[in-house]
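Enquirer: Chain B: place on chain A using the hints.
These protein sequence lines map, in sequence, to chains A and B. Numbered according to our numbering, the first sequence spans residues 1 to 280. Numbered according to our numbering, the second sequence spans residues 1 to 302.
Keep in mind that a hint or two might mislead.
As a list, the in silico DMTMM-like pairs of lysine to aspartate or glutamate whose alpha-carbon atoms are at most 20 Å apart [claimed, not checked]: (1) B:Lys46 to B:Glu266; (2) A:Lys104 to A:Glu60; (3) A:Lys104 to B:Glu299; (4) B:Lys190 to B:Glu299; (5) B:Lys190 to B:Glu107; (6) A:Lys236 to B:Glu266.
Just so you know, the hints here were simulated from the structure itself, not pulled from any lab data.
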Amino acid sequence: MSARLSRLVTSSFLHFTLIAIALVWLVPTVGLFVTSWRPRPDIFGSGWWMAFATLRFTAENYLEVLTSQGLSRNFFNSFAITIPGTALPVLIGALAAYGFAWLKFPGRDWVFLIVVGLLVIPIQMTFVPALQLANGLKLTRSLLAIWMAHTAYGLPFSIFLLRNFFAALPRDLIEAAKMDGASDLSVFWRIVLPLSVPAIASLTIFQYLWVWNDLLTALIFVQDPNLLPMTVSIAKLLSTYGTEWHLLSAASFILMFVPLIIFFSLQRYFVQGILAGSVK
Amino acid sequence: MTSSRNNLLNWLFVLPSLALLGFFVVYPTLWTIRMSFDTGLGLRLKKFVGLENYIRLLTRDQFFLDLSKFPPTGALVNNVIWLLLFTSLTVSLGLIIAVLADRVRYEAVVKAVVFLPMAISFTAAGIIWLFVYSPDANTGLLNAAITAIDPAWKSVAWVGRVETVTYSVILAAVWMWVGFATVVLSAALKSIPQEITEAARVDGATEWSIFWRITLPMLSSPIAVLTTTMVINVLKVFDLIYIMTRGGPRGASRVIAYTMYTETFEAGKGGYGSAVAVIMLLLIVPVMIMNLRRFRAEEAER
Chain A
1 MSARLSRLVT SSFLHFTLIA IALVWLVPTV GLFVTSWRPR PDIFGSGWWM AFATLRFTAE
61 NYLEVLTSQG LSRNFFNSFA ITIPGTALPV LIGALAAYGF AWLKFPGRDW VFLIVVGLLV
121 IPIQMTFVPA LQLANGLKLT RSLLAIWMAH TAYGLPFSIF LLRNFFAALP RDLIEAAKMD
181 GASDLSVFWR IVLPLSVPAI ASLTIFQYLW VWNDLLTALI FVQDPNLLPM TVSIAKLLST
241 YGTEWHLLSA ASFILMFVPL IIFFSLQRYF VQGILAGSVK
Chain B
1 MTSSRNNLLN WLFVLPSLAL LGFFVVYPTL WTIRMSFDTG LGLRLKKFVG LENYIRLLTR
61 DQFFLDLSKF PPTGALVNNV IWLLLFTSLT VSLGLIIAVL ADRVRYEAVV KAVVFLPMAI
121 SFTAAGIIWL FVYSPDANTG LLNAAITAID PAWKSVAWVG RVETVTYSVI LAAVWMWVGF
181 ATVVLSAALK SIPQEITEAA RVDGATEWSI FWRITLPMLS SPIAVLTTTM VINVLKVFDL
241 IYIMTRGGPR GASRVIAYTM YTETFEAGKG GYGSAVAVIM LLLIVPVMIM NLRRFRAEEA
301 ER
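Excised from the complex, chain A in its bound form:
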C-alpha cells in the first residue's frame, strides 16, 4: 500500500514538473501573441492575461506595422535575401562536398581539413576587410554583398555536412556509373544528389532559418535602407518605439511567421539539421 502511495506521489510530481516546465516555455510567447491582437489602449490598461476577460481583439496592429511602418517591404526583402542565401551555399557546397568525398586531386585532404577549421571561425574576424572588398566592388548597393556573405559563411558547414553524407554512400554504385561512362557531373547530379535528399533537406531548412533569423550579417552588409530585412527593421523599430508593444508584438509575429510554419510542418528535418549542426 505504501509503495503504491509513494509511486503515486512520485508520478504526480513528475507530471507536475513537466507541465510546469512546458508552461514556463510557452507562456512568454503566448503573452506576446495575445498582445499583438489587442487594441493599444487595452495593452497599456491591463496585462495580456486579462484579455480573456475583456475579449476585445483587433488586426489593427498588424495592418499598421505592415503599411504605415512599411514592414511589408522588409518582409519581401527577407525572402529576397534568404532564398539565394540558402540556395547558393547548399548548391555550391554540394559540388565541393562531392569533390572532397569522391574525387582525387592534389592537396584534397589538407584543404578539407582547413574547411573543418573554418567551421568555428567567428565571422567578426572577417567583417571589416570583407566589407571593404564588397564596397570596393560596389556589391553593397544591391543584395549581392549579403548573398555572397551568407554563402561564404554557410559554406564550411554545408560542405562538412554533405561531404560526410556523400562519403557514406555505397562505393559500388558510383564506380558502376563511372564504368558505364558517366561523367562526374552526371554522377553528382543523377546519383549522389537524389540519394542525399534527406541530408539536403535538413541542411536547407537549417540554413534557411539561419539566414531568415540573422541580424548581425544584415546590419553589416545591407546598406541600402530600402533593402533591409525584417530583423534589422524591427531592431530599428525597437529603438524608435521602445515600449509601443502593439507595434513590436505584431512585428515579432510577422517575423516569426515563416519559422513557425517551418517548425510545425518540417520539425523532423529541422531537428536533424540542428543535431547535425551542433558543431557550428
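Expert: For chain B alone, coordinates are given in the frame of chain A:
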C-alpha cells in the same frame, strides 16, 4: 585524357567554394589580424601601433575589463558569467527535461514546446523577453507575477539595472537554447540499451542511483560535445544584447562580440575592433583544435 589533367579538372568542383571562402573568410581573417596592430581609423590601415590596441583593451578599457573593482566588471567578465551560467543551465536543464520526459507518454509534446524557441530569431526572442521583463506591472509578466505573490513588491526594471541586466539576458538565452540540449541529450538517452537499466532495476537499484551510476556516465560523451557547442555560442552571442540592451545600462551588459561591433562600426575604430575580434578568435582556437582532433579520429575509423 591523362590522369593528372583529370585531377586538375576535379579541382573545378571545389573551386567556387574555395574562391568564396578565400574572398570572404580567409583573406579577411589575415587582414583583420594585421589591422589589429593599426589604429584602423575609418576602417582603413592608417598607422601601425604595435600591441597598443591589446594593451589598452586589457588594461585601460573599463568597458572591456575592469579589475579595479570587486567583483571585476567589463565585457570579458560578462562573457565569463555567460559561460558559467548559460552553459551549466542549458546542459543541466536539458538533461533534466530529457530524463523526465522519457518517462511520460506526452514526451513529444513537451520536447516540441521546449524546442520551439530554437526556430525563432534572437530578434523575436529578445522582444518576447523585453515584454516579460517590462517594469510596468500592467504589462510585464514577471513583475506582475511577483506582485501577485507579494503585494508589497516594487516593480524592477530587470534589463534597466546594472545589477540584474546580464542575468536577465542570460535567462532569455537559456530559454532559447534548452530545447537544443534537450533534443541532443534525449537522442543520446534513447541509445542507452534498455537491458542495462532493466537489469539494475531487477537488482533493486533505485531510480536515483540508476541515474547517477548508469545514465549520467553513459551520456558523458554527448554532454561533452554539447558543452563545446554551448561554449562557442556564448563567445558569439550578439543579437540578444543588441536587441535587448544595446550593451547598457552604462555598458553593464556588453560582451566581447558586442564590443567588436560597437567599437568598429559605431565608433569607427577599425584597429581596436579588430583586436577584439582577434581575442575572440584566440578564445575559440582551443575548440577548433578539439574539433579537428575529433574529426581526424573519426576519419581514421572510416
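Enquirer: All hints are to be evaluated individually against the structure, with a verdict given for each.
Expert: Evaluated hints:
1. B:Lys46 to B:Glu266: holds, 18 Å
2. A:Lys104 to A:Glu60: violated, 61 Å
3. A:Lys104 to B:Glu299: Holds, at about 17 Å.
4. B:Lys190 to B:Glu299: violated, 25 Å
5. B:Lys190 to B:Glu107: Holds, at roughly 12 Å.
6. A:Lys236 to B:Glu266: Roughly 15 Å separates the two Cα atoms, so the pair holds.
Comparing the model with each numbered hint stated earlier shows that hints 2, 4 do not hold.
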